[in-house]
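Peer 1: The residues making up each chain are set out below.
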Amino acid sequence: METAVNAVIGALVLSSMYILVALGFALLLSVVGVLNFAHGAIYMVGGYICYQFSVEFGLNQWLSLLLSVIIMGAFGLFLEKFCFRPFFGDMYGTIVMSIAIILVLETTVNLLVGVHIRSLPAFVPGILRAGAISLSAERLLTFIIGALLLLALTWFIRKARIGQQMLAVAQDVEGAALQGIEIHRISAIACAMGCSLAAVAGSLMGAIFELSPFMGDYMLVKAIQLVILGGIGSIGGVLAGGLIVGSLDAVLPLFASGALTQAIGLGIIIVLLLLRPQGLFGREVT
Amino acid sequence: MTEKQGQGKLPRIVIYTGLLAIVLSLPLFIQSRYLIHIFNLTLINIIAASSLRLIAVSGQLSLGHAGFMSIGAYTAGALAKHLGWTPWVTMPLGALATMAVAVIIGYPFARLRAIYFSMVSLFFGIGILAVNQVLEKFTGGYAGLIGISPLFSGSKVANYYFFVGLTVLSLCVLYRIEVCRIGTTLKAVAQSHVVASSVGINEAGYRVLALAVGCFFAGLAGAGYAHYNSVLSHSAFNLLASVNLLVYVLVGGVGSFAGPVIGTAVLIIIPELFRMLKGFVPFIFAAIMILVIFVMPQGLAGLPGQIGSWVEGLRQRKGTAHAP
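One line per chain: the protein sequences are A and B, in this order.
Numbering-wise (this note's numbering), the first sequence opens with residue 1 and increments by one.
Numbering-wise (this note's numbering), the second sequence opens with residue 1001 and increments by one.
Just so you know, these hints were derived from the structure itself, not from any lab.
Some clues are possibly wrong.
[What the hints assert, rightly or not] Computed spacing ranges between beta-carbons, pair by pair:
(1) Ile70/A <-> Gln1191/B: 20 to 30 Å
(2) Phe88/A <-> Leu1240/B: 23 to 33 Å
(3) Gly1141/B <-> Ile268/A: 19 to 29 Å
(4) Gly114/A <-> Ile1269/B: 48 to 58 Å
Bear in mind that the values here come from a model prediction, so they are computed numbers and not experimental data.
Ideal Cβ positions, reconstructed from N, Cα and C, are used throughout, including at glycine.
Start from the sequences and build out the full structure, keeping to the hints where you can.
Peer 2: Right, here's the structure in full:
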């Protein structure tokens, strides 16, 4: 029973964090039109900034989280303005750019912090008990924060003015521009939001697991899995993809070991995609 | 493409012969075994990057190319180690095995277009690595496959000449494919699969063909690497390796046949010159990438043409300045 409950909680925690990173990735992909391979690296840097403020400088951990979010948001603005905008509509240019950004970020962190594995202290220490079941408060909190952010974000994109403008830009850049939407401003906001979300996820995951300069690579692959599985341009798709990938990751290790888990998980995703080439909820691309 | 039209046929042959002569005479001037080792790795990567470009020509950007290389490498390595076969048999077999896998997955994968193909090939590349770990008995798992019989034991220079030969042969075959009807058809498929299939081109078939030929050479490069290095570690073909191959192609210039060759050479050898910087070397790599995409939209291979047009522009401006 306890294993089952913990597996479900584990799946939900992983899913919510994957979804946070993947939503940022998806925002950049559909609104800015950039396949941002650096998103994993941004997630990693977000975690390290939070670590730096809270452990090295001794600030309040929640304040550090906020600072990390703000700094990465500003970094997102910088990225959009100086790295992605010059290559507007040039897929290859942005791919090379984002790989260069990964190199710069990972090498910088590696040189500054070293490969020693660091870990953030728990945001909320302690273990919750309910009858025979016990689970860490940290994980529950991570899930709650993730879920709240997702709700807020979904509301923002569906209902708020800027969110709807983002949807318009994602559908048709030129059409949106003709309607008087400032596409570069919207792109910049989307980029900043994407990077901030990655920073939140990086900080929260850094408290559950560990920080390492290369932790972003793993998360990047997960984010891509979610977005592609769900279908590009669909928020609901990202949520569904997140639940599928998170569940696979949380449940498969109960039955198989390490590499086999990974192989089976990827196999399932590849088969799902072969059955629906445009993703579960996506539209056809040409 | 355009700068080639400006030159006659003879000078081009002279240029290539000269280049080949320089490449062949390099070991006479360079004694350092380490440098020859770097050249060997460059040659292996040139084969892999050029084969990746053939797939890119058909409009499919593969992000799991190192995964395909690993199939060739582990097939050749396992055959040589467990059955004791000679490298001359295992290398072609490794390449053929990779091609077979490419054909098998090619048909279902041909359903996927553009970014979906790229991403599924990325998952495939990672998945293949995981499969390698699962088949621990044959591939050595995380410990790696050790003690693969070397091609020419002890001599880096003999290996160098072998890889020069292999690279030239592979490039000739790839070039021939690209300039003949198949290459033109592939470009048509890449430009518009709807139009291509409306004029009776078997779109899926050609995309599988490009994938199969590209993976054959990727497998060959992987098998060559296995016998050259005689050790296969599971990190040699990870996502970073696939991404690096893609970067070689894109920085060199995906639109030109020489692109991957130039890109690979520049991106491996120049960071190597700055080896004393140790941990900072990735910055050099990134700097080259950023410089190239900002200054040279056609990639490094487009540089001669670009310089030509700059000179032309300067001359014209001078001319107009003098005119009034």
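Peer 1: Quick one: which hint numbers does this structure break? Sort them smallest to largest.
Peer 2: Checked against the structure, the hints that fail are numbers 1, 4, while the rest are satisfied.
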